[in-house]
Amino acid sequence: MTTAPDRKTTLWTALRSPWVATPCLLALAFLGWDAVVAARNISPFILPAPRPVLGEWIGLLRDARAWGHTGMTAAATVAGFLLAALFGVAAGILLSLSATLERISKPFVVAFQVFPKVALIPLFVVWMGFGLGPKVLTAAILPFYPIMMNTLLGIRSVPDGFHDIMSSFDATRLQRLRRLEIPYALPFIVTGFEVGIVLALVGTVVAEFVSGSSGLGYLLVSRINSFETAQMFAIVLHLCLLGLTLYAGVALLRRLIVPRGA
Amino acid sequence: MRLTMAGPNQAPIVLDGVAKTFGAGEATASALLPSSLTIREGEFVAFLGPSGCGKTTLLRMIAGLLELTSGRILMSGQPLWEGGRCRKELLHRLGLVFQDACLFPWLTIEQNVLVPLSLRGHLPRRERAPFARAMLALVGAADIAARLPNEISGGMRQRAAIARALSYDPDILLMDEPFGALDAISREALNMELQTLWLRSRKTMVLVTHSIAEAVFLADRIVLFTPGPGRIDRVVEVPFPRPRARDLVFTQPFQDTVRGLHERLSALMEQA
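Top line first, the protein sequences correspond to chains A and B. Following the UniProt record's numbering, the numbering of the first sequence begins with 1 at its first residue and continues without gaps. Following the UniProt record's numbering, the numbering of the second sequence begins with 1 at its first residue and continues without gaps.
Derived from the structure by calculation, the hints contain no laboratory data. This structure is a prediction, so every number in the text was calculated from the model and none was measured. Take these hints with a grain of salt, some might be off.
Stretches of chain A that chain B covers, calculated by requiring three or more beta carbons in the stretch to come under 8 Å of a beta carbon on chain B [what the hints assert, rightly or not]:
| hint | stretch |
| --- | --- |
| 1 | 159-171 |
| 2 | 179-191 |
Once the Cα atoms are required to be at most 20 Å apart in a straight line, the calculated EDC-like pairs of lysine to aspartate or glutamate come out as [unchecked claim]:
| hint | chain 1 | residue 1 | chain 2 | residue 2 |
| --- | --- | --- | --- | --- |
| 3 | B | Lys-203 | B | Asp-171 |
| 4 | B | Lys-88 | A | Asp-170 |
| 5 | B | Lys-88 | B | Asp-169 |
| 6 | B | Lys-203 | B | Glu-43 |
| 7 | B | Lys-88 | B | Glu-67 |
| 8 | B | Lys-88 | A | Asp-164 |
By construction, the Cβ of each residue, glycine as well, lies at the ideal position given by its N, Cα and C atoms.
Given the sequences, and given the hints that come with them, work out the whole structure.
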């Protein structure tokens, strides 16, 4: 048995635990924000104080229409993310099959990555109208690249020794993929998902700025147009919490599909 | 096809002028000069030499992992490499163990041991667990079946890797410095375990090692390799009767054999 730690140490230890430190830092940030707004006498149109923002957010939570917008944004994000996950993993596996294919496609992949894809949203609207289409497509295109590259990286990271062992078992190409490469790459793929889900939300919101008559992105633009800055901040807070929820979903996925040994 | 039924060509492994060069044109580097050797049925052969002497290169060619530049490898009279391709059906007769156990970290030891057979798809579900345990028992590791690779010691991982290689009952076991990363005590325990396994199964075993004492303790014959470029220097018969006791290593004849090999290796290193 160790001796009981004295009071000072326990307080210090408690402060350093993330469950205590993080809320404290958050509260500190809010207090600082409040102080700056009060001291500099900033107009609520430019930067509202935290309390009215919080009030607007609670109002948002009570508003059924706001929940409708939240649902639209969440649905487009999840649908786009699932498409990106499907095609991104498939493309990563495809590229891993052949170094030649990877080399040939590299210029196109890089061009696609550096191209500001959100610039295409107006075109998507022309193609698909003002409904869910352009949002889902944007939400799918942004996360595609990191998911594909993480899948490829994971498969390429399989140590040579594992490949030698599979060769000595006379494994077929498909067995090698299913039994070695995909399980080995899973933690990498899920990391791609974690990056991807956040990008999918960004894609949806930007598409809603441009094309929407619904969704939180549309709601945000309409509030800023009518100078309801506190409501706009409340929507940003709301989006932040939506992003956290979606991210937590992917983190849960990691626990479910990545085995504990890997 | 040769029609002879017996003789040296029916030996499990015949190396006939096997050589390997890497690179092409000006940048060609010779990893192994033409080497010939016959490994007999049920024999324990050690490839001994410093790094860069071509012993691992040769083992990888026998294992079908690396193509030959010239020469032939015959397994029971049949060429392993034909027209630049390795004959896969002959690989089923080989079990492979590396310095790194290469166990899949997401599978339990039991599941790892079952991987080769599950790839070939012939073991009823009910028989799997008892079979894996039986394989692990052969190397004194039956009680780790349910563990994950990163939960057990390096010595236990190597036992599991050997059990996995034994699972499809190969005639020949090829081992590339299997105990190279282990501490001295585990290494000694595994050397004893490997001897017991060999005495019981009488499989043909080829062990690549850079430990002279390990080679002398385990092998019937030691193939001495020399670097720069790699080639076989000589083949040494090890006279000690079986089973060899743990304290054989402290006897004078054992130490004399080790010293002889050591002096020869030192002389070779100075020449190179």
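Need the list of violated hint numbers for this structure, in ascending order. Per hint list: zero violations.
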